[in-house]
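J.: Sequence:
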Amino acid sequence: MAQQSFQTRPGPPTMSADDAACRACRGQMRAHWQERPHARLMVVASTPVVEAFGGGVETRYLCLECGHTLLHSTGRFGQGWH
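Numbering (the numbering used here), first residue to last: 16 to 97.
These aren't lab readings, by the way, just hints derived from the structure by calculation. All figures in this text were calculated on a predicted structure; none of them were measured in a lab. Cβ coordinates follow ideal geometry from the N, Cα and C atoms, glycine included. One thing to keep in mind: the hints can contain errors.
Restraint-style ranges between C-beta atoms, simulated for each label pair [stated by the list, open to error]:
(1) R75 <-> R45: 16 to 24 Å
(2) A60 <-> Q94: 12 to 20 Å
(3) A39 <-> V72: 17 to 25 Å
(4) E66 <-> A35: 28 to 36 Å
(5) C81 <-> H47: 15 to 23 Å
(6) G95 <-> M57: 15 to 23 Å
(7) A67 <-> R38: 32 to 40 Å
(8) M44 <-> V64: 18 to 26 Å
(9) A35 <-> G69: 30 to 38 Å
(10) T89 <-> A39: 15 to 23 Å
Using the sequences provided together with the hints, build the complete structure.
T.: Laid out in structure tokens, this is it:
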């Protein structure tokens, strides 16, 4: 049997979560969890979260500048901007 040679395609470049984000969103992702959202963020959804040792609220924001989606969590285990 003839051996086949396989050519590998170069994969997509690795991207971090903030590659497509504007400067304000990149700053927001690094902000303290109690920091207020920047001026161009619009609330898309807000959901209470029930956890075994206390709940919180997860709020999803959409940036009107770059279209990036940010999540703010006030829960005990995931506090902060994601």
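J.: None of the hints should be skipped; say for each whether it holds.
T.: To see whether the hints hold, each was checked on the structure:
{"no.": "1", "hint": "R75 <-> R45: 16 to 24 Å", "verdict": "holds, 19 Å"}
{"no.": "2", "hint": "A60 <-> Q94: 12 to 20 Å", "verdict": "holds, 18 Å"}
{"no.": "3", "hint": "A39 <-> V72: 17 to 25 Å", "verdict": "holds, 22 Å"}
{"no.": "4", "hint": "E66 <-> A35: 28 to 36 Å", "verdict": "holds, 30 Å"}
{"no.": "5", "hint": "C81 <-> H47: 15 to 23 Å", "verdict": "holds, 22 Å"}
{"no.": "6", "hint": "G95 <-> M57: 15 to 23 Å", "verdict": "holds, 19 Å"}
{"no.": "7", "hint": "A67 <-> R38: 32 to 40 Å", "verdict": "holds, 38 Å"}
{"no.": "8", "hint": "M44 <-> V64: 18 to 26 Å", "verdict": "holds, 20 Å"}
{"no.": "9", "hint": "A35 <-> G69: 30 to 38 Å", "verdict": "holds, 33 Å"}
{"no.": "10", "hint": "T89 <-> A39: 15 to 23 Å", "verdict": "holds, 21 Å"}
Checked against the numbered hints given earlier, the structure satisfies every one of them.
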